[in-house]
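> Quick note, the sequences are listed as chains A and B, same order.
Per the working numbering, the first sequence starts with residue 1, numbered consecutively.
Per the working numbering, the second sequence starts with residue 1001, numbered consecutively.
Certain hints may be false.
Here are the simulated DSSO-like pairs of lysine-lysine, each with C-alpha atoms no more than 30 angstroms apart in a straight line [claimed, not checked]:
#, chain 1, residue 1, chain 2, residue 2
1, B, Lys1172, B, Lys1515
2, A, Lys73, A, Lys116
3, A, Lys5, B, Lys1089
4, B, Lys1491, B, Lys1424
5, B, Lys1172, B, Lys1424
6, B, Lys1181, B, Lys1512
7, A, Lys73, A, Lys110
8, A, Lys116, B, Lys1089
9, A, Lys110, B, Lys1089
10, B, Lys1512, A, Lys73
11, B, Lys1155, B, Lys1276
12, A, Lys116, B, Lys1515
13, B, Lys1172, B, Lys1408
14, B, Lys1515, B, Lys1491
15, A, Lys73, A, Lys5
16, B, Lys1428, B, Lys1181
17, B, Lys1515, B, Lys1181
18, A, Lys5, A, Lys110
19, B, Lys1155, B, Lys1172
20, B, Lys1172, A, Lys110
21, A, Lys116, B, Lys1276
22, B, Lys1155, A, Lys73
23, A, Lys116, A, Lys5
24, B, Lys1512, B, Lys1491
25, B, Lys1491, A, Lys116
26, A, Lys110, B, Lys1491
27, A, Lys73, B, Lys1172
Please keep in mind that the hints were generated in silico from the structure rather than gathered at the bench.
Spelled out, the chains give:
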Amino acid sequence: MPNAKLPPILVVDDNHDNAEIVRQYLEMRGYPVSVAHGGDEALVLFETIRPAVVLLDVMMPGRDGWEVCRVMKQHPTLGRTVRVIMVTALGEWQDKREALQIGADDYVEKPFDLPKLAATVQRNLAMQREMAS
Amino acid sequence: MSESILLTDSDEPALEPAVRQLDGWVIERVTAGELANAVAARPGVRAVVVASDDPDVLRAVVERAHSCGVPVVVACADDTARRRAVELKAEEWYRCPADASEIAQRIRGAVGRGSPPGLSEDRIERVEYEQMLHDSLTGLPTLPVMIERSRGLFKERGELVVLYLNFVRYSKIEEIYGWEKLDAVLETTAAAVREFLDDTAMSTSRLMVSFTNDDDFIFFHVPATGVAAASENEITDMVARLQRHVAGRIEAQHGEDIAALFDIYVGRAHVYYNPKIRLERLIYRGIREASNAARSIEERERGRRVADLRSSLRDRAVYVDYHPIVVTDTQEIFGYEALARGVMRSLRSPEVMFDVAAEADLVWELSRLCRSRAIEGIETRLQPNELLFLNVDPHDFSDPAFNEDEVKYPERVVIEITERTAIKDYPKFRERLRIFRERGFRFAVDDAGSGYAGLGSIANLEPDFIKLDISLINAIDTNFIKQNLVETMVKFANDHGAMVIAEGVERAEEFKTVKDLGVHLVQGFFLHRPLHLPLPPAVAAAKG
């Protein structure tokens, strides 16, 4: 059951099943999770729920993950603190370099194992706390 | 403003405190059977929370609510209810019992998500629009905003001075250190500029600053009523003070190497109001004029630097900094990278010096001088077991004067070749490398990982050392992607019998991170400051 003390997480994936799996898993661990199924929706939710961490799928129709990440990172108030984790089936050097270029903080390769995903979320939250203090 | 109504069939006590967390919301309870009709009947309903476990009720409520554009949150008692909620495309759901803040968040989420399609697009456009008006990095307004703001003043006072500040070589910072560094430098610059404006003497008039998308700043100076516009002398004086102020800030925050890349050229244009001509066109023309003026000053300065370089080549007026490369585990000195700098102030930065040489077609001459000065250090500066890392541009290999016999101790020299320069004739280049290698020289790929090319192009050069690009090391302790890339590189090096060098390690956290990642060698101010080779007396005298 979601724990009020844990910060909100935004899961962005155009595949509803994937998004639901991740949401359930993270909710079981106590995180309040919101889900968006596209880039535009993600950007709207980004402003309303102000997530600490965004799990962002790269391959989406319309605005893809790279573009969404760039806009989030440039957001005047939220861009500095949010940690963006790119989730993608691509795992090549080039894609990681792109992720770095675009300002992402971390990277998870699909198909991911859920415990690793949770660990990735955790380490980014820890880093965020450290940078805030 | 009218209140937003949350309509629900749930008697969960946590709903009240949840609704109190939402600004301006009230709760209205009806029975499950009435819910669907009530959604349509009550105009102030902004969201529905359904708790009923009857699938028909749930379907009816969701369909009805969606037809009225009202988002639905499903309070789920079990997994079946949750599945139904997802299938029916309810905007949000939560598991009962939930605490108030989670419910509030779900309602908020549902409202954000369920807004009619046009609205969400508008919101994103607004965010993008705002980003266009104010540069997110420097916080300064962009040009269209500034033109709007100065419109009235300009018309009233009748004149406007445009100053165009061209920050040369900021692009170089990005090339070498990566965009994060340039972002940080621009932030410092903008803060310093604002600080300067706050206590500048021209405060009787309006001085406004804006930022153009790349790395230039534009000042509008509108003289106060009854006051003459700033004279040429006043502006020259202001620019000199501004330059000192910004340079000081940059050096304090980002160090000498970055400050050495910093130069401002300021161009100016005087614009007079003319009612026949569109005001923004007048201003844009003024900006263009000022920007051209800045460029012509830069040209003049460049000519002066070429003359400086020619005289430096004649007098052999370069000195060499030896940057220690240490073994990560033991922190013992492994070798030194030689970096040549011009003795003359204008050529202090190696990047600037080589830029000037490229413009004047003097690269080979300068390279020869730098190499020979660097190699002197093997005997005068280095211990017998220490290696000398020497920067060699791939084009230098075509210089007939550069050959494998130039150096007395080839086995103590590591030739660094940057990944950044495109190598045109690969087979020929590799053949040259082979000859050097046979003589005992070793090779390092410099700036590795700076591009998208990945590991293939590195493997091609069969290096003994891989020097990671500075941008990968800068703040590596806080970026997991950088850590992952460096880890990949270390693994690659271990598989190919090469050693990885992390360059630009400036903080303890960065050192610890690269050490943990298995990086073999480290270079950077965190461990050691560079050694200076004493200048020959004639040069020292010229410098003094």
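> For each hint, tell me whether it holds in the structure or not.
Evaluated hints:
no.: 1; hint: B:Lys1172 <-> B:Lys1515; verdict: 29 angstroms, holds
no.: 2; hint: A:Lys73 <-> A:Lys116; verdict: 24 angstroms, holds
no.: 3; hint: A:Lys5 <-> B:Lys1089; verdict: 28 angstroms, holds
no.: 4; hint: B:Lys1491 <-> B:Lys1424; verdict: 29 angstroms, holds
no.: 5; hint: B:Lys1172 <-> B:Lys1424; verdict: 23 angstroms, holds
no.: 6; hint: B:Lys1181 <-> B:Lys1512; verdict: 21 angstroms, holds
no.: 7; hint: A:Lys73 <-> A:Lys110; verdict: 23 angstroms, holds
no.: 8; hint: A:Lys116 <-> B:Lys1089; verdict: 29 angstroms, holds
no.: 9; hint: A:Lys110 <-> B:Lys1089; verdict: 25 angstroms, holds
no.: 10; hint: B:Lys1512 <-> A:Lys73; verdict: 27 angstroms, holds
no.: 11; hint: B:Lys1155 <-> B:Lys1276; verdict: 12 angstroms, holds
no.: 12; hint: A:Lys116 <-> B:Lys1515; verdict: 23 angstroms, holds
no.: 13; hint: B:Lys1172 <-> B:Lys1408; verdict: 34 angstroms, violated
no.: 14; hint: B:Lys1515 <-> B:Lys1491; verdict: 14 angstroms, holds
no.: 15; hint: A:Lys73 <-> A:Lys5; verdict: 24 angstroms, holds
no.: 16; hint: B:Lys1428 <-> B:Lys1181; verdict: 36 angstroms, violated
no.: 17; hint: B:Lys1515 <-> B:Lys1181; verdict: 22 angstroms, holds
no.: 18; hint: A:Lys5 <-> A:Lys110; verdict: 29 angstroms, holds
no.: 19; hint: B:Lys1155 <-> B:Lys1172; verdict: 39 angstroms, violated
no.: 20; hint: B:Lys1172 <-> A:Lys110; verdict: 36 angstroms, violated
no.: 21; hint: A:Lys116 <-> B:Lys1276; verdict: 67 angstroms, violated
no.: 22; hint: B:Lys1155 <-> A:Lys73; verdict: 39 angstroms, violated
no.: 23; hint: A:Lys116 <-> A:Lys5; verdict: 22 angstroms, holds
no.: 24; hint: B:Lys1512 <-> B:Lys1491; verdict: 18 angstroms, holds
no.: 25; hint: B:Lys1491 <-> A:Lys116; verdict: 21 angstroms, holds
no.: 26; hint: A:Lys110 <-> B:Lys1491; verdict: 22 angstroms, holds
no.: 27; hint: A:Lys73 <-> B:Lys1172; verdict: 23 angstroms, holds
Violated hints, listed in ascending order, are 13, 16, 19, 20, 21, 22; each of the other numbered hints is respected by the structure.
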